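As given, the protein sequences belong to chains R and U, one line each in that order.
Quick note on numbering: the working numbering labels position 95 of the first sequence as 139, and the sequence is numbered without any gaps.
Quick note on numbering: the working numbering labels position 10 of the second sequence as 11, and the sequence is numbered without any gaps.
What the hints contain is simulated information worked out from the structure, not anything from laboratory work.
Since we're looking at a predicted model, the values are computed, not measured.
Yeah, the Cβ is synthetic: ideal placement off N, Cα and C, and Gly gets one too.
Warning: the hint list may mix true and false statements.
As the list claims (entries may be wrong) - Cross-link-like lysine to any residue pairs, in silico, SDA-like; alpha carbons within 25 angstroms at most:
| no. | chain 1 | residue 1 | chain 2 | residue 2 |
| --- | --- | --- | --- | --- |
| 1 | R | 100 | R | 127 |
| 2 | R | 100 | U | 102 |
| 3 | R | 86 | U | 107 |
| 4 | R | 86 | U | 14 |
| 5 | R | 86 | R | 119 |
| 6 | U | 58 | U | 83 |
| 7 | R | 114 | R | 86 |
| 8 | R | 111 | U | 45 |
| 9 | R | 111 | R | 68 |
| 10 | R | 100 | R | 156 |
| 11 | R | 86 | U | 40 |
| 12 | R | 114 | U | 107 |
| 13 | R | 86 | U | 54 |
| 14 | R | 114 | U | 41 |
| 15 | U | 58 | R | 75 |
| 16 | U | 58 | R | 103 |
| 17 | R | 86 | U | 55 |
| 18 | R | 86 | U | 89 |
Said to hold, decoys possible - DEER-style ranges, computed between Cβ atoms:
| no. | chain 1 | residue 1 | chain 2 | residue 2 | range |
| --- | --- | --- | --- | --- | --- |
| 19 | U | 81 | R | 53 | 36 to 44 angstroms |
| 20 | U | 19 | R | 110 | 25 to 33 angstroms |
| 21 | R | 89 | U | 58 | 20 to 28 angstroms |
| 22 | U | 110 | R | 124 | 24 to 32 angstroms |
| 23 | U | 42 | R | 89 | 18 to 26 angstroms |
| 24 | U | 54 | R | 58 | 25 to 33 angstroms |
| 25 | R | 158 | U | 19 | 45 to 53 angstroms |
| 26 | U | 6 | R | 64 | 43 to 51 angstroms |
Unchecked claim - Stretch-level coverage of chain U by chain R, calculated; a stretch enters the list once three of its residues show a Cβ under 8 angstroms from a Cβ in chain R:
| no. | stretch |
| --- | --- |
| 27 | 11-20 |
| 28 | 46-59 |
| 29 | 101-109 |
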Amino acid sequence: QKEVEQDPGPLSVPEGAIVSLNCTYSNSAFQYFMWYRQYSRKGPELLMYTYSSGNKEDGRFTAQVDKSSKYISLFIRDSQPSDSATYLCAMSAMYSGGGADGLTFGKGTHLIIQP
Amino acid sequence: IAGITQAPTSQILAAGRRMTLRCTQDMRHNAMYWYRQDLGLGLRLIHYSNTAGTTGKGEVPDGYSVSRANTDDFPLTLASAVPSQTSVYFCASSARRGGNEQFFGPGTRLTVL
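Chain R on its own, in the form it takes in the complex (with noise of 0.2 angstroms):
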């Protein structure tokens, strides 16, 4: 079972649809929780930061880590066309005094927006 899964899509909505974009984990010592927006041909911007477990809302954006479940979402309201990108859901353990500190990403799911 790889440490996080995430559906590679693609999903493909109309416009002003809500979006919700999900990963599931396996390592229950991830603490930090983020999504990334990539897209084509550039490097992953960072839309959402999150620690430990709850929602946090950002303009149209909101992400929810629900650690119990080890399972994290990200909700896009009244989608537009410039959000067609791939998102990237990325985590990391606490501190730990050791060990490769990068983070550990799902594959990506293709979103596409209709007009």
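Add chain U to chain R, keeping to what the hints say.
Okay, now just chain U, sitting in the frame of chain R:
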């Protein structure tokens, strides 16, 4: 403009050649990272550095080396390139090690023939 720059943008390289990918950040971040991104495999950590003078191995370090002589620069070297190293390489940085947000550069697209 604050951020991360990478060079070259793209490169075609003959197998067996040595190649150094450059990464520079101006955010005074302590930690820096190198990832490769491959279709179907996602982003995988190659090497990281928590602070100048220290480096560590990530998930896929074989065939790559790094150095961190100062805070701003974190070059990635392929000593003898092989076709399986064809990938898009991203450099990233964060203020501190651990769970902090990581910020990514624009990437280097490398093709090894």
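Structure-based check of each hint:
For the hint linking residue 100 of chain R to residue 127 of chain R, the alpha-carbon distance of about 19 angstroms falls within 25 angstroms, and the restraint holds. The hinted pair formed by residue 100 of chain R and residue 102 of chain U meets the criterion: a straight-line CA distance of about 15 angstroms does not exceed 25 angstroms. A distance of roughly 6 angstroms separates the Cα atoms of residue 86 of chain R and residue 107 of chain U; the hinted pair therefore holds under the 25 angstroms criterion. About 21 angstroms separates the Cα atoms of residue 86 of chain R and residue 14 of chain U, which keeps this hinted pair within 25 angstroms; it holds.
The straight-line distance between the Cα atoms of residue 86 of chain R and residue 119 of chain R is roughly 22 angstroms, inside the 25 angstroms bound, and the hint therefore holds. Distance restraint check for residue 58 of chain U and residue 83 of chain U: the Cα-Cα separation of roughly 19 angstroms lies within the 25 angstroms cut-off, and the hinted pair is therefore satisfied. Distance check on the hinted pair: residue 114 of chain R and residue 86 of chain R sit about 29 angstroms apart at the alpha-carbon level, beyond 25 angstroms; violated. Distance hint between residue 111 of chain R and residue 45 of chain U is fulfilled; the C-alpha atoms sit about 23 angstroms from each other, no more than 25 angstroms.
With a C-alpha separation of about 10 angstroms, the suggested pair residue 111 of chain R and residue 68 of chain R falls inside the 25 angstroms cut-off, and the hint holds. For the proposed pair residue 100 of chain R and residue 156 of chain R, the alpha carbon gap of about 23 angstroms is at most 25 angstroms, so the pair holds. Taking the CA atoms of residue 86 of chain R and residue 40 of chain U, the gap is near 14 angstroms; set against the 25 angstroms cutoff, the hint holds. Distance check on the hinted pair: residue 114 of chain R and residue 107 of chain U sit about 31 angstroms apart at the alpha-carbon level, beyond 25 angstroms; violated.
Straight-line distance between C-alpha atoms of residue 86 of chain R and residue 54 of chain U comes to about 29 angstroms, which puts the hinted pair past the 25 angstroms bound. For a cut-off of 25 angstroms, the pair hint linking residue 114 of chain R to residue 41 of chain U stands: about 23 angstroms separates their Cα positions. With a C-alpha separation of about 22 angstroms, the suggested pair residue 58 of chain U and residue 75 of chain R falls inside the 25 angstroms cut-off, and the hint holds. As the CA atoms of residue 58 of chain U and residue 103 of chain R are separated by approximately 37 angstroms, the hinted pair breaks the 25 angstroms bound.
At most 25 angstroms may separate the alpha-carbon atoms for a hinted pair to count; residue 86 of chain R and residue 55 of chain U exceed this at roughly 28 angstroms. Simply put, residue 86 of chain R and residue 89 of chain U have alpha-carbon atoms about 10 angstroms apart, close enough for the 25 angstroms limit, and the pair holds. Look at residue 81 of chain U against residue 53 of chain R: about 37 angstroms separates their beta carbons, and that is inside 36 to 44 angstroms. The hinted range of 25 to 33 angstroms is not satisfied by residue 19 of chain U and residue 110 of chain R, whose Cβ atoms lie roughly 47 angstroms apart.
At about 27 angstroms, the CB distance of residue 89 of chain R to residue 58 of chain U agrees with the hint of 20 to 28 angstroms. For residue 110 of chain U and residue 124 of chain R, the hinted distance range of 24 to 32 angstroms is satisfied, since their beta carbons lie about 28 angstroms from each other. The given range of 18 to 26 angstroms is respected by residue 42 of chain U and residue 89 of chain R, whose C-beta atoms sit roughly 20 angstroms from each other. Hint check: residue 54 of chain U to residue 58 of chain R, Cβ distance near 53 angstroms, so the stated range 25 to 33 angstroms is violated.
Range check, residue 158 of chain R to residue 19 of chain U: about 47 angstroms between beta-carbon atoms, so the 45 to 53 angstroms window is met. The hint said 43 to 51 angstroms for the Cβ distance between residue 6 of chain U and residue 64 of chain R, and at roughly 35 angstroms that hint is violated. With 0 residues having a Cβ less than 8 angstroms from any Cβ of chain R, the stretch 11-20 of chain U misses the three-residue criterion, and the hint is violated. Coverage of the stretch 46-59 of chain U by chain R holds. Counting CB-CB distances below 8 angstroms, 6 residues qualify, and the rule asks for three or more.
Counting residues of the stretch 101-109 of chain U whose CB lies closer than 8 angstroms to any CB of chain R gives 8, so the stated coverage by that chain holds, three being the minimum.
Checked against the numbered hints above, the structure violates hints 7, 12, 13, 16, 17, 20, 24, 26 and 27; every other hint is satisfied.
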